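*Asks:* Line by line, the protein sequences are chains V and F. Mapping of the first sequence onto our numbering: position 106 corresponds to residue 106, and the numbering continues sequentially without gaps. Mapping of the second sequence onto our numbering: position 306 corresponds to residue 714, and the numbering continues sequentially without gaps.
By construction, these hints were calculated from the structure, which means they are not laboratory data. Because the structure is a prediction, the values reported are computed rather than measured. Where a beta carbon is used, it is the ideal one built from N, C-alpha and C, also for glycine. Any given hint could be a false lead.
[Stated by the list, open to error] Label pairs and their computed distance ranges (CB to CB):
1) V:249 to F:736: 36 to 42 Å
2) V:29 to F:574: 20 to 26 Å
3) V:322 to F:574: 54 to 60 Å
4) F:442 to V:253: 46 to 52 Å
5) V:254 to F:543: 41 to 47 Å
6) V:241 to F:543: 39 to 45 Å
7) F:446 to V:154: 20 to 26 Å
8) F:543 to V:247: 32 to 38 Å
9) V:42 to F:724: 32 to 38 Å
10) V:247 to F:698: 31 to 37 Å
11) F:624 to V:261: 26 to 32 Å
12) V:241 to F:641: 50 to 56 Å
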Amino acid sequence: MSKRILLHVGTPKTGTSYLQDVLFQNRSRLLRQGILYPADRFDAHFLAALDLMRLRWGGLERQAVGAWDRLAQQVRDHDGTAIISHEILATASRTQVQRALKSLGHEPGGGGAEVHVIVSVRDLARQIPAEWQENVKHRASFRYGRFLNLIRDPERSHRVGAWFWGAQEIPDILARWGATIPPERIHIVTVPRPGGPREELWRRFSEAFGLDDLGLDLGTERANPSLGVPESSLLRRINKAAARDISPAHYRPLVRELLAHQVLSKRTQSPRLSLPPSDYPWVAELTESWIAELTERGYDVVGDLADLRGDEPVAQGWADPDKPVERQVNMAALDAIRALLLESAERQAEADRLRSKLEDARRELIRARTPRLMRTMEWTVRRLEGSDRGRQALGAYRKVRGRNSLSA
Amino acid sequence: MSRGRAWGWAAALREGSTTRWQEWPADGTGEGDAFRDDLPGAQQLGLLRRLNVAAEGAGRRVPLATADRVLAAGVSGRGRSDLPLIGADEPGRFGARPVDPDALPDDELLRVASALIADDVASTAHDPEERTLVERALGVRRPWVRAFRVVGVQWQAEYARQGLIAQGHRPGGRRPTAYLLADDLATVLAHAWTARSFDQGGTTWGEFLGSSSAFGHLPPRADLARMARSASHKYGAARVTIVLDRAALATELGVRRLQAPPVLGAHAVDLVRRVGEPLGLLVDEADRPRLLRESLGRRLDGLGGPALTVPRPREAWLSAQAERTRHELAAAGYPVLGDLDRLVPGPLPAEPVVPVDAEVLTLALGLLLDPVTATTQEDPTR
């Protein structure tokens, strides 16, 4: 059984993709030092989380059957430290948390595995726009204003509001995950405020996970890039017009990966998405209540809870994604069309190449299936047609047969 | 605020009580002790009370094991997690607000019920039984049976193929004729959504129609002209026959009749759709439709109210698509068994038949009382 389990349960948009990629790329090196990151594919813990919480995810859940139990088994079988990390675990219900902890060998009254819960957090002023954008990158077509209304609904009766707070309300996440875990084993990693040193977040992760001095290769490229205001607006409009016609299997590579990640996120000069200035006061008030609660609970903090106080958005010139500058959207759309044309041309070329190969293979197949006698006759006809005498002989033969078709 | 009162109510529900939470005694007489780690969520408590009401109406009691399953169940899909019970504790400053279980919409209770039924369906999974000698003999294609394939509306075609195989008419053979099963477009759409509910779950009837009608086309599973084109590419245009008269096809194939699919009402299909969602995380993708057909497909045959209909606001889109389909099939010159005019639906009913959560929940409660796993009748007295 693992002696120590580091369970990283969220939150989304806090550098989790980078962390998970470093862990995945370095899993052999980690294992040599007694730390297990049990994953045979980069999204193994995501699939396990889907399985634990019985969540549909655009068809991916089909690959998740039994994934949590397999993950838990690997953790139990390991003698040392094990790390599990996925941000959607933040939304697990109390029942699901109990099941997860039990499957990992945790015993609420002490004994069993030493489970540490780690949650990385970022200020709501950045999380709110980022979460809307994440929705848009997952086929959503509701406007930013509608999203803000949904998350401000105190009943959280809409799935969008329920999901948002399930994944972002830090005191509630830690109440669910930490109900049977001592506060000193609960660690909050704060994302530095905007403008802080780029490596500071990794330094905090490394400290929380005990990864210092392990010689990990940090040069991974996987990230979750953000979009600007016109790009987000464009993507929302594309979803509205076409997402229903595109299966999840095609949406993911074409819209999310190609358009959003590879094309639109490269447009870094456009206005950035941010919290509406009018929403800042309630966000600030809520944040203060969180900081007070988390301080009172006595959790271990890596970084500073003051990082949760986001920057107040500047009212002057605030860019509203529901009323974008159409020229900027048009420019983004041109980039998108260009990328789709190039992709389409590339696919067409590949299809032509494959069609040609298929045709060759079909000819080969016919040839292989054609009797030797027939092949000999065809060879003879070709040879005869190559010389005057041969053609005369063939002509005479066809005349005698009374036919002039090429079938001879 | 009394957690003891909440535990007392939960214990009473476990014993078959049908009393609502707001009517449960608050004078201390209704208090009880905790009988598990955590107080169940409002959805689970609300579902158990509704299950007790349904059982009482049928002169039965909910078995203790079933009651415990309901209280321990999770909530499937996205949306609100386990909700706290109002009045049990001081409202917390964080997390979802406490609720009265009896004020929850049926959809919330169905999220719990669907997860439980999915568990039952998953537990019916078994390795395919080895076919008997007779079944194998019946399954062998006979040389004198004409070469054919059955394509078209998936929900009908699958059952027709099964029936034909059982009668010794295995589809296949050299240069087969592809019989494309068709129907009036409203029925084709309902069958397309039914097949989708068994295969994938997810999309509601309204979303299914809305996503296609908004863009003026048909869902692929209901696009008969597209299916015919696909069949003509595969088998040759001259060997595609449109079937609008199933009896005529039975005669042509030399069988008494074609096997029809189970008749599922609108609410029954919606329940299958809901159960399919959590089931997708319990069994392999390839097994899900088969398990649902063998369990819920059989159990719900003839249940769930009338068949689905297309709501009137979609009438213009529906008739335009039906006309287009008829025109394309006629223009392509496929042979037809029956009359192509049958593709065009008649007037739509003023009151559409669409899934209603309350009716779907009633069906779900029936499946919790008599699970698909039950092989013997429970002792009503426990």
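*Asks:* Give me the numbers of the hints this structure contradicts, sorted from smallest to largest.
*Replies:* 1, 2, 6, 9, 10 and 12
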